[in-house]
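*Asks:* With the sequences and hints as input, model every part of the structure.
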Amino acid sequence: MVGTKRRASKTAATAAPKTKRPAKRPRTAASKGKMAKGGDLQAWFIEYQDLDRTDGRVVIMPEGFEKLCDALEFNLEEIEPMVLLWKLNGVELATIEFEGWESGMRAMNVKDIKGLKAAILSTVQEFENDPVLFKTFYRKVFDYLRPEQQRSVSAEDAVAVLPVVTGNSWVFEKFVKYLQANSDSIKVISRDQWQSLLELSKALSPDLSNYSNEDAWPAMFDGFVDWAKNTKPEAAK
Amino acid sequence: MWASKRPGPPAGGPQKKLVIKGLKALPTLPLSYKTDTLERLRSAVHAIQQNQPTTQGLEELYRDCEGLCLHKFASDVYEMLQTELEKYTRQQLLQIDRSPDTHAPAAILDQTRKFWDDYTQQLTMVRCVFLYLDRTYALQTTNVASLWAMGLSVVRQHLVETNMRSRLVRLFINEVTSERNGQLIDRPSLASIARMFIDLGLYAQSLQPSFIDATRDYYRSESLRMINYLVPIKQSAGVSAEARSSGPTDVPGYLNHVQRRLDEETQRVAQYLKPSTKSTLLATVLAELVEKHTEKLLGPNFDAMVDADMVSDLTNLYSLLLPVNKLDLLQQNWISYIKKTGLRMMQASDLEATLISGLLAFKRKLDNILSIAFQNNARLIGALREAFEMFINTRRSKPAQLIARHIDQCMRMGSKLAADDDIDDIFDRIIMLFRFIQGKDLFEAYYRRDLAKRLLYNKTLSTDTERLVLQKLKAECGAGYTNRLEGMLHDMELSLELSSEFAQKQPESAMNDIGFQGSVLTMAFWPTYEPMELVLPRQAEEAQNAFTELYAEKHKGRNLQWQHNLGTCLINVEFNEGSKELQLSHLQGTVILMFAEQNELTYSQIQQSTGLENNELQRTLQSLACGKFRVLTKEPKGRDVDTSDTFHFNAKFKCPQARVKISQIATKEIEKESKELEAHIHLDRMYRVDAALVRIMKARKTLEHSDLVTELLKQLDFNVSTTEIKERVDTLFERDYVRRDDSNPSTYHYIA
Numbered sequence: 001m002v003g004t005k006r007r008a009s010k011t012a013a014t015a016a017p018k019t020k021r022p023a024k025r026p027r028t029a030a031s032k033g034k035m036a037k038g039g040d041l042q043a044w045f046i047e048y049q050d051l052d053r054t055d056g057r058v059v060i061m062p063e064g065f066e067k068l069c070d071a072l073e074f075n076l077e078e079i080e081p082m083v084l085l086w087k088l089n090g091v092e093l094a095t096i097e098f099e100g101w102e103s104g105m106r107a108m109n110v111k112d113i114k115g116l117k118a119a120i121l122s123t124v125q126e127f128e129n130d131p132v133l134f135k136t137f138y139r140k141v142f143d144y145l146r147p148e149q150q151r152s153v154s155a156e157d158a159v160a161v162l163p164v165v166t167g168n169s170w171v172f173e174k175f176v177k178y179l180q181a182n183s184d185s186i187k188v189i190s191r192d193q194w195q196s197l198l199e200l201s202k203a204l205s206p207d208l209s210n211y212s213n214e215d216a217w218p219a220m221f222d223g224f225v226d227w228a229k230n231t232k233p234e235a236a237k
Numbered sequence: 001m002w003a004s005k006r007p008g009p010p011a012g013g014p015q016k017k018l019v020i021k022g023l024k025a026l027p028t029l030p031l032s033y034k035t036d037t038l039e040r041l042r043s044a045v046h047a048i049q050q051n052q053p054t055t056q057g058l059e060e061l062y063r064d065c066e067g068l069c070l071h072k073f074a075s076d077v078y079e080m081l082q083t084e085l086e087k088y089t090r091q092q093l094l095q096i097d098r099s100p101d102t103h104a105p106a107a108i109l110d111q112t113r114k115f116w117d118d119y120t121q122q123l124t125m126v127r128c129v130f131l132y133l134d135r136t137y138a139l140q141t142t143n144v145a146s147l148w149a150m151g152l153s154v155v156r157q158h159l160v161e162t163n164m165r166s167r168l169v170r171l172f173i174n175e176v177t178s179e180r181n182g183q184l185i186d187r188p189s190l191a192s193i194a195r196m197f198i199d200l201g202l203y204a205q206s207l208q209p210s211f212i213d214a215t216r217d218y219y220r221s222e223s224l225r226m227i228n229y230l231v232p233i234k235q236s237a238g239v240s241a242e243a244r245s246s247g248p249t250d251v252p253g254y255l256n257h258v259q260r261r262l263d264e265e266t267q268r269v270a271q272y273l274k275p276s277t278k279s280t281l282l283a284t285v286l287a288e289l290v291e292k293h294t295e296k297l298l299g300p301n302f303d304a305m306v307d308a309d310m311v312s313d314l315t316n317l318y319s320l321l322l323p324v325n326k327l328d329l330l331q332q333n334w335i336s337y338i339k340k341t342g343l344r345m346m347q348a349s350d351l352e353a354t355l356i357s358g359l360l361a362f363k364r365k366l367d368n369i370l371s372i373a374f375q376n377n378a379r380l381i382g383a384l385r386e387a388f389e390m391f392i393n394t395r396r397s398k399p400a401q402l403i404a405r406h407i408d409q410c411m412r413m414g415s416k417l418a419a420d421d422d423i424d425d426i427f428d429r430i431i432m433l434f435r436f437i438q439g440k441d442l443f444e445a446y447y448r449r450d451l452a453k454r455l456l457y458n459k460t461l462s463t464d465t466e467r468l469v470l471q472k473l474k475a476e477c478g479a480g481y482t483n484r485l486e487g488m489l490h491d492m493e494l495s496l497e498l499s500s501e502f503a504q505k506q507p508e509s510a511m512n513d514i515g516f517q518g519s520v521l522t523m524a525f526w527p528t529y530e531p532m533e534l535v536l537p538r539q540a541e542e543a544q545n546a547f548t549e550l551y552a553e554k555h556k557g558r559n560l561q562w563q564h565n566l567g568t569c570l571i572n573v574e575f576n577e578g579s580k581e582l583q584l585s586h587l588q589g590t591v592i593l594m595f596a597e598q599n600e601l602t603y604s605q606i607q608q609s610t611g612l613e614n615n616e617l618q619r620t621l622q623s624l625a626c627g628k629f630r631v632l633t634k635e636p637k638g639r640d641v642d643t644s645d646t647f648h649f650n651a652k653f654k655c656p657q658a659r660v661k662i663s664q665i666a667t668k669e670i671e672k673e674s675k676e677l678e679a680h681i682h683l684d685r686m687y688r689v690d691a692a693l694v695r696i697m698k699a700r701k702t703l704e705h706s707d708l709v710t711e712l713l714k715q716l717d718f719n720v721s722t723t724e725i726k727e728r729v730d731t732l733f734e735r736d737y738v739r740r741d742d743s744n745p746s747t748y749h750y751i752a
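Chains A and B supply the protein sequences, listed in that same order.
In terms of the numbering used here, the first sequence is numbered consecutively and its last residue is 237.
In terms of the numbering used here, the second sequence is numbered consecutively and its last residue is 752.
No wet-lab data here; the hints were simulated from the structure.
Don't be surprised by glycine CBs; every beta carbon is placed ideally from N, CA and C.
Certain hints may be false.
When the alpha-carbon atoms are kept at most 27 Å apart in a straight line, the in silico DSS-like pairs for lysine-lysine are as follows [said to hold, decoys possible]:
1) Lys440(B) <-> Lys363(B)
2) Lys701(B) <-> Lys135(A)
3) Lys187(A) <-> Lys675(B)
4) Lys34(B) <-> Lys17(B)
5) Lys296(B) <-> Lys234(B)
6) Lys398(B) <-> Lys440(B)
Here are some, though not all, of the chain A residues that point toward chain B, as calculated from beta-carbon distances under 7 Å [claimed, not checked]:
7) Ala155
8) Asp192
9) Glu199
10) Asn213
11) Glu214
12) Ala216
13) Ala219
14) Asp222
*Replies:* As structure tokens, then:
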């Protein structure tokens with residue numbers, strides 16, 4: 001099935017306008033050996049690439065990305081697509097450029113769908129044991145959520161994405177509820193808040209007793225912990 | 001017998017020799033010499049002791065003694081004396097001791113005294129008689145005391161052995177106790193006994209310690225009795241309560257009682273005790289009466305005393321607590337009272353009206369107490385300052401606003417200040433309060449606003465007083481602080497000059513209808529004012545333009561921007577009742593003048609003509625048509641002005657005064673203004689926090705959160721909460737001045 005798709009895209013490719021076709025990689029000595037792979041990756045890329053563009057960008061757009069996730073049997077409501085995006089050095093949400101695609105695939109040493117799926121799944125597994133890895137990923141998610149010109153992420157987006165990315169951590173769950181409860185006063189999440197949230201999730205004790213306003217946490221967390229303390233008895237029910 | 005027995009030569013014969021031969025036998029003492037002489041001496045001693053003349057003359061007795069001594073019987077004489085003295089003493093004292101206690105105990109003391117007086121006299125006499133013994137045998141023989149010493153030790157010995165000493169001490173103390181209880185006793189007698197003990201060397205070992213112990217017990221029970229029945233102080237007590245140790249009393253009464261006791265004991269020492277006892281005695285009294293019960297004397301009783309301004313009682317208290325080192329406790333109570341009372345004042349519901357005058361009165365009272373009762377004790381003064389700083393700043397911006405307002409009220413015409421009030425003192429006191437507030441920048445903003453109003457609407461009582469206050473503020477906070485304020489005053493001076501120059505230069509005709517005075521305000525000094533569009537009446541505009549020209553000539557390159565919302569005018573208006581002078585703002589004036597030609601105008605007409613915005617126009621029309629002085633009438637009637645309303649000139653306007661001031665600004669405007677001012681200051685402060693944060697981070701490169709906070713608070717002269725600091729740090733993150741450390745989230749790094 002994959003094969004037929006490939007052939008179909010190839011013909012589509014040849015029918016595409018002559019301008020701004022992705023140039024074939026120059027057959028330099030260095031790349032000779034990898035030519036075959038490069039070709040594969042490229043061909044693979046083209047399967048999902050947005051070919052109706054007029055700005056000449058070589059990218060996979062959300063449509064293509066969704067298609068890829070489908071192929072990988074990833075649920076868009078879960079963490080895998082996000083990890084996929086990250087591993088393929090995506091530039092924005094559901095947007096992957098060829099350079100990123102290529103270097104990401106090489107870094108994972110992946111040639112095909114099966115390999116890609118395995119690599120992504122194993123990365124997700126790795127998050128459990130490697131907090132530093134997760135931190136890097138988590139921080140990148142912020143940039144994906146952030147509209148290009150802005151420095152912060154909308155609270156709405158944070159609410160939608162945080163549960164996906166952080167699963168069963170109670171601090172994140174509570175924080176999301178907090179954002180929802182205060183949706184008219186809290187509109188954005190800054191980078192510092194996003195990043196500090198991860199630290200908070202590791203440091204905060206379940207009874208909220210080890211938090212002090214005098215600490216260096218972002219000012220917004222003071223409000224969050226206060227709110228959490230006041231709503232605790234309900235949560236306990 | 002001296003005649004020679006040898007036959008002598010016949011008379012008229014050769015010379016005769018006289019030969020003397022020694023005695024054949026030495027003369028011997030008669031056998032009974034010693035006993036006889038001793039006996040003679042003994043009876044002499046008896047005679048002296050019985051106060052009777054001796055059978056021999058004193059000179060003879062002296063020789064007797066001398067003789068015995070020369071014959072080496074000195075020790076016998078000494079022994080005899082000692083024995084006789086002992087016998088006598090024993091006999092006398094036992095006699096005295098025999099009477100039981102209950103039977104006039106004072107009598108025993110008296111008898112002892114008499115014994116002692118007699119005894120010492122006799123001893124002197126004896127010593128005279130036996131002087132030779134004293135000077136030779138007693139002096140030269142070790143272990144043999146002088147006669148006087150021996151005489152004393154005889155008595156001492158007896159007293160100690162027979163326990164009469166303790167009895168005497170006990171009786172002595174009983175007498176003292178009776179006197180303390182208010183009875184009269186025989187003081188000279190006690191004095192003698194005391195002297196006796198002193199001479200016998202028994203004072204320090206037995207009389208004084210027992211006396212002190214008894215004192216301690218006495219005052220311990222007295223104090224317990226009194227303290228347990230202390231009643232609260234009645235506020236109306238102008239006179240301190242009389243205290244007896246039996247009836248219930250309040251703390252001031254108790255304090256008076258303590259002072260009385262102290263005086264009493266001092267007297268007692270002077271009258272019949274050794275002066276060295278005084279310090280221990282007074283210390284004991286103080287310890288029992290005051291030191292042990294200090295908490296009960298302070299606490300709510302202290303508060304009541306300060307409340308009621310009981311200065312003399314507080315003086316008592318201080319002077320009693322000082323020697324027992326309880327001033328620490330006093331200081332604690334002092335601080336807590338000031339804080340409590342101060343906090344209450346800060347939370348009062350009618351804060352705006354009463355706070356400053358209340359605080360001034362409060363401080364005055366406390367200063368008074370400090371100087372009179374507490375002798376300007378430095379630590380208590382410092383404590384007062386600490387307490388004031390603490391409670392004044394619990395209402396963050398109110399004190400600044402209210403102090404500024406208070407000064408404003410003092411400065412205005414018709415203020416409560418009388419001509420002969422000590423202006424300097426009054427403002428000194430206000431400045432003392434000012435000193436305590438944090439965030440003096442807010443005060444300067446309020447002061448500037450109030451000063452502007454005073455100057456522009458000509459409400460200042462006296463420019464000298466203005467300068468006086470500025471001077472004091474400058475002394476307090478430095479020249480930078482009062483820079484703008486002084487600039488404002490200077491501007492007004494210059495403007496006066498300029499205006500009079502302008503008036504002179506105008507041709508007569510132009511100035512007929514309108515007098516014009518302009519004030520030029522240097523923008524940097526004065527509060528910011530929103531510029532406002534207004535189309536002035538023609539004459540006003542002409543005058544204004546002329547003024548602008550004049551100014552431009554004098555100061556090339558400077559621009560004048562007319563602030564219509566600050567201007568005022570006086571307009572003569574003819575009503576049915578007569579001509580009235582209306583004092584109005586420019587806006588009001590412009591509107592009113594429109595009615596000079598026409599009786600009725602619609603809202604839109606007025607708006608078109610004046611060019612005012614809706615907000616301003618509505619406010620202005622409201623003040624003219626819906627307020628206290630209705631020089632216009634509005635249709636339809638009502639408090640609020642709508643864009644569809646019509647206005648008529650109210651010829652029927654009545655008012656007793658000839659000059660009427662119609663105020664433009666409603667109270668809620670003033671409140672709004674205050675809120676804006678505070679918001680502005682707050683913003684200003686946040687910028688300063690940012691600047692300080694950046695400065696600190698730039699210097700230190702890497703810093704822990706808590707250290708940053710500490711540094712910051714040191715550099716700022718106003719208070720800022722940790723939350724606010726964190727918020728400012730957040731903005732620094734956003735602007736890429738600072739970042740968090742990757743591994744330690746409470747460390748910040750400066751981004752160069």
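*Asks:* Evaluate each hint against the coordinates.
*Replies:* Each hint tested on the structure:
no.: 1; hint: Lys440(B) <-> Lys363(B); result: 20 Å, holds
no.: 2; hint: Lys701(B) <-> Lys135(A); result: 25 Å, holds
no.: 3; hint: Lys187(A) <-> Lys675(B); result: 26 Å, holds
no.: 4; hint: Lys34(B) <-> Lys17(B); result: 42 Å, violated
no.: 5; hint: Lys296(B) <-> Lys234(B); result: 16 Å, holds
no.: 6; hint: Lys398(B) <-> Lys440(B); result: 12 Å, holds
no.: 7; hint: Ala155; result: 15 Å, violated
no.: 8; hint: Asp192; result: 4 Å, holds
no.: 9; hint: Glu199; result: 5 Å, holds
no.: 10; hint: Asn213; result: 6 Å, holds
no.: 11; hint: Glu214; result: 5 Å, holds
no.: 12; hint: Ala216; result: 3 Å, holds
no.: 13; hint: Ala219; result: 4 Å, holds
no.: 14; hint: Asp222; result: 6 Å, holds
When each numbered hint is compared with the structure, violations occur for hints 4 and 7.
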